[in-house]
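Residues 1 to 155 in UniProt numbering are what the sequence shown spells out, letter by letter.
Keep in mind that the hints are not guaranteed to be accurate.
With a Cα cut of at most 30 Å, we get these calculated BS3-like pairs of lysine-lysine [claimed, not checked]: (1) 42 with 53; (2) 107 with 90; (3) 95 with 109; (4) 96 with 85; (5) 121 with 107; (6) 60 with 41; (7) 96 with 109; (8) 95 with 114; (9) 53 with 41; (10) 119 with 107; (11) 42 with 60; (12) 107 with 96; (13) 121 with 109; (14) 119 with 96; (15) 52 with 42; (16) 109 with 85; (17) 85 with 95; (18) 60 with 90.
Because the hints were derived from the structure by calculation, they are not lab data. As the structure is a computational prediction, the values presented were derived from the model and not from experiment.
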Amino acid sequence: MGRNQNGYGRTIKRTRIHAFTVDDVSKLAVGLLALYQPELKKVKQQLDELTKKQTSLIDKLQDENRRFNNVQTSEELQQMFTTVKLYQTKLVTIKKEMMQLYDRATKLKTRALKLQQTKQKAALHRQQQRELQLQRETDLIAKPSSSCGEKGKSS
Numbered sequence: 001m002g003r004n005q006n007g008y009g010r011t012i013k014r015t016r017i018h019a020f021t022v023d024d025v026s027k028l029a030v031g032l033l034a035l036y037q038p039e040l041k042k043v044k045q046q047l048d049e050l051t052k053k054q055t056s057l058i059d060k061l062q063d064e065n066r067r068f069n070n071v072q073t074s075e076e077l078q079q080m081f082t083t084v085k086l087y088q089t090k091l092v093t094i095k096k097e098m099m100q101l102y103d104r105a106t107k108l109k110t111r112a113l114k115l116q117q118t119k120q121k122a123a124l125h126r127q128q129q130r131e132l133q134l135q136r137e138t139d140l141i142a143k144p145s146s147s148c149g150e151k152g153k154s155s
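Generate the whole structure from the sequences, applying the supplied hints.
Structure representation (structure tokens):
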């Protein structure tokens, strides 16, 4: 009937659409339903299944969140963490004290060894001095000479 130009420079011929009867519309609807209904049923089933899985997953996540929140806010757990920190601090302190005691014991052992060595040297020196003194004393004591003893016998 009328001609119009589309946006691409082509001419389009327009025709009038005739009015359809109720029977025609009904047949057209039945045809469209027959064409798309099986595919739509599959899609609906898939969507229902997906919705069920999502609902199940949401429920599980909510349960896990509740359990996590319960654990996180648990006074017992908080007390346990506090106790662990306290014991860890005590352990570090004990380790430091043990290292200090070890160092002191090592120094005392070294000092005791040096003292023992000094005492042994002093005792050895005293012993040598005594022996030397005894030697001097024995050297100073007059020994009867063998010639003196013979003179006394002849007189």
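query = Does residue 109 lie within 30 Å of residue 121 when you go C-alpha to C-alpha?
reply = Distance of about 18 Å is within 30 Å: holds.
ask   = Between residue 95 and residue 109, is the straight-line Cα distance small enough, at 30 Å or below?
value = 21 Å, holds
task = Sort out whether residue 41 lies within 30 Å of residue 60, counting only the CA atoms.
result = 29 Å, holds
inquiry  = Hint check: residue 53 vs residue 41, CA-CA at most 30 Å. Holds or violated?
reply    = 18 Å, holds
Pairwise hint evaluation, residue 96 against residue 107, where the allowed Cα distance is 30 Å at most = 17 Å, holds
request  = Below or equal to 30 Å on CA atoms is what counts here, so check residue 96 against residue 109.
outcome  = 20 Å, holds
Given hint residue 85 paired with residue 96 - CA-CA distance at most 30 Å = Status holds; Cα separation ~17 Å.
Residue 42 paired with residue 53 [C-alpha distance capped at 30 Å] = Distance ~16 Å between residue 42 and residue 53 Cα, so the pair holds.
query = Does the alpha-carbon distance linking residue 42 and residue 60 stay inside the 30 Å limit?
reply = Distance of about 27 Å is within 30 Å: holds.
message = For a C-alpha distance cap of 30 Å, please report whether residue 52 and residue 42 respect it.
response = 15 Å, holds
ask   = Holds or violated: residue 121 with residue 107, Cα cutoff 30 Å?
value = Judged against 30 Å, a Cα distance of about 21 Å means the pair holds.
inquiry  = So if I understand the rule, the pair passes when the alpha-carbon distance is 30 Å or less; does residue 109 with residue 85 pass?
reply    = 36 Å, violated
Hint compliance for this structure: hints 14, 16 and 18 are not met, and every other hint is.
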